[in-house]
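J.: For reference, the chains in residue letters:
There are 4 protein chains.
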Amino acid sequence: MNFQTAERNIIQEISQTLDGVSPDSINQLIEKIEHADKVFFVGVGRVLLSLEAIAKRLAHLGIKTYVVGQITEPAITSNDLLIVGSGSGESMFPLGIARKAKSFNASIVHIGSNPESTMRQYADLFIRIPVQTKLSQPDEVTSLQPMTSLFEQSLLLLGDSVALMLIEKQNIDMHNLWQFHANLE
Amino acid sequence: MNFQTAERNIIQEISQTLDGVSPDSINQLIEKIEHADKVFFVGVGRVLLSLEAIAKRLAHLGIKTYVVGQITEPAITSNDLLIVGSGSGESMFPLGIARKAKSFNASIVHIGSNPESTMRQYADLFIRIPVQTKLSQPDEVTSLQPMTSLFEQSLLLLGDSVALMLIEKQNIDMHNLWQFHANLE
Amino acid sequence: MNFQTAERNIIQEISQTLDGVSPDSINQLIEKIEHADKVFFVGVGRVLLSLEAIAKRLAHLGIKTYVVGQITEPAITSNDLLIVGSGSGESMFPLGIARKAKSFNASIVHIGSNPESTMRQYADLFIRIPVQTKLSQPDEVTSLQPMTSLFEQSLLLLGDSVALMLIEKQNIDMHNLWQFHANLE
Amino acid sequence: MNFQTAERNIIQEISQTLDGVSPDSINQLIEKIEHADKVFFVGVGRVLLSLEAIAKRLAHLGIKTYVVGQITEPAITSNDLLIVGSGSGESMFPLGIARKAKSFNASIVHIGSNPESTMRQYADLFIRIPVQTKLSQPDEVTSLQPMTSLFEQSLLLLGDSVALMLIEKQNIDMHNLWQFHANLE
Chain A
129 MNFQTAERNI IQEISQTLDG VSPDSINQLI EKIEHADKVF FVGVGRVLLS
179 LEAIAKRLAH LGIKTYVVGQ ITEPAITSND LLIVGSGSGE SMFPLGIARK
229 AKSFNASIVH IGSNPESTMR QYADLFIRIP VQTKLSQPDE VTSLQPMTSL
279 FEQSLLLLGD SVALMLIEKQ NIDMHNLWQF HANLE
Chain B
129 MNFQTAERNI IQEISQTLDG VSPDSINQLI EKIEHADKVF FVGVGRVLLS
179 LEAIAKRLAH LGIKTYVVGQ ITEPAITSND LLIVGSGSGE SMFPLGIARK
229 AKSFNASIVH IGSNPESTMR QYADLFIRIP VQTKLSQPDE VTSLQPMTSL
279 FEQSLLLLGD SVALMLIEKQ NIDMHNLWQF HANLE
Chain C
129 MNFQTAERNI IQEISQTLDG VSPDSINQLI EKIEHADKVF FVGVGRVLLS
179 LEAIAKRLAH LGIKTYVVGQ ITEPAITSND LLIVGSGSGE SMFPLGIARK
229 AKSFNASIVH IGSNPESTMR QYADLFIRIP VQTKLSQPDE VTSLQPMTSL
279 FEQSLLLLGD SVALMLIEKQ NIDMHNLWQF HANLE
Chain D
129 MNFQTAERNI IQEISQTLDG VSPDSINQLI EKIEHADKVF FVGVGRVLLS
179 LEAIAKRLAH LGIKTYVVGQ ITEPAITSND LLIVGSGSGE SMFPLGIARK
229 AKSFNASIVH IGSNPESTMR QYADLFIRIP VQTKLSQPDE VTSLQPMTSL
279 FEQSLLLLGD SVALMLIEKQ NIDMHNLWQF HANLE
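Protein chains in written order, with my numbering: chain A, 129 to 313; chain B, 129 to 313; chain C, 129 to 313; chain D, 129 to 313.
Hints are supplied without guarantee of correctness; some may be wrong.
Any copy, or any two copies together, can satisfy a pair, since identical chains are not distinguished.
[As the list claims (entries may be wrong)] Straight-line alpha carbon distances no greater than 27 Å define the calculated DSS-like cross-link-like pairs of lysine-lysine that follow: (1) K230 to K166; (2) K230 to K297; (3) K230 to K160; (4) K297 to K228.
It is worth saying that the hints were derived from the structure and are not from the lab.
Go ahead and model the full structure; you've got the sequences and the hints to work with.
T.: If you want it as structure tokens, here you go:
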């Protein structure tokens, strides 16, 4: 396989996947982000990396974002939002964190692929990224790629789409974004 | 802007960008990865997150990958490869690491957008992701997105394209990949 | 309180605590480390930071160490050792990881303060750092310090004591240690 | 060497080292911490781990602390403090960050062992941890331990001493500290 075939296949997969995400669920996510005092993110592995990239970009837009487990992490309250990234909705660590966040009455959004997961009981909003899971559904995008790459890639671009929508909605001047950006590196 | 417009714009930008990457430079990168004993990655911010995702996926393919600064990081030698991610090729930390790696005779690949950077003197191979930089060039993809999002997104998908190419080239059975995967989370 | 009073109080607390650790349990830990193919570490918060420092130092002695959750983490096997740091032995994440490691028949050492914890069922060896816990025991060292600082400090120095013992036992030439040390920073 | 000999040796080394730190320099550090809007920390390797532990504890006391390179890092300003940990005062990354922080007129404290380093030109305050360096000085504590373990251990306990002093000085109720503590893990 040459590079052009590889990248075009991947982009085609992501495009088909994101076209299958409910625009209404994204609007609800944006509303929750705008109403939250603080936004926390939890996930593991490459999913966590996508969430960290989203947290970093949203922080540049002036949103107070935190990744669960970071060095200086504040307490979560009922005015806050927890965004969980987990394709299966069955990973131990995100489930445990969601359960705790729920006990503090935080709002919880689950971004995943499996709509019938254990996470369901904790989530106020479920955003489905329709990629292949073990229990396949008719509308799922199949992937040439290894493991859950397609989920992780789609998650990153979903988050960056939200950033783009927030910039337009809030009429943010992109030239001023650097004021919230780390200036030491 | 609604979600569909946002994600389609982003995907269009990435697609145009990756189509502008030299397939030959990717083939050279793959050869270098296959010949290296160990592959190190260095970058900062969201670029680092994309590199970490690439390092994680390549590790699943059986490649020994390390991120500069991780808790247990071995010494680099002349049999190793350092992959630097830096759009501008001017960031202090990657430049300093590249200079040190060069002094140990490691091979160095720079993935960036600016072809005339300080990094040029250290890199054995430069892979250009043709996105907008301060010194614009005629072939650069312009972006609606804030900051260097387009570079970071394209970098992740470039790395995942390399993973897909390696899987086909080495005839790797994707069902066996999990043997190299962390099994504790 | 002036600096000298503060540091002397802290050192006095740590000294009393480490004098209460069973030397025999440390000898067993050293034997387990020497017999393991790979050594994994798990913990949260400042306990994790102490474990990361220990993992880093032991790696310099030529031991293959990994922190659960790091970017490139191999699979654990029955030839490996998991070292859990948890004062209470009740933290969700370490408990979940210990349960999984047990299912792969890895050897498990728990370093904690509470001898009657849920972790007990997973641990092949329990090393007690006798500091104040909620259920106090007669031999516990009380502390002027906030939260679980005394546990975290004692854990770091316990690990560094193990490093010192291994250097002498294995007759390691300290001038050669740098060969295993990251040389890029 | 048995465990008791090892830990007592290490504690003796740390005790002698911290007794050699200037109490006046610590008082100045505390004043700078109390007057800063935000406190940033920078270091590499095990020194960074000690700084992260200090940042975490000070955050529990209500101080706004950040580690350079963390996912969501605000911009530094002239009202902020940068604490650099570097024994030699010659490490590339901390030097580069200190230079940048200086250009934003932030206040800079260097905690190190070598008083004649390149860092000197950036630091408003130098706190000396008198441990063995390559250019030895008559008052330095020699160490049985490998590499710079004694510096890293002393740095952690110096920071925890500062935390203890701040608690007394500001009359902080330790039972209330958990309000600033992450409640999700």
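J.: Output the numbers, in ascending order, of every earlier hint that fails for this structure.
T.: Of the numbered hints, 2, 4 do not hold.
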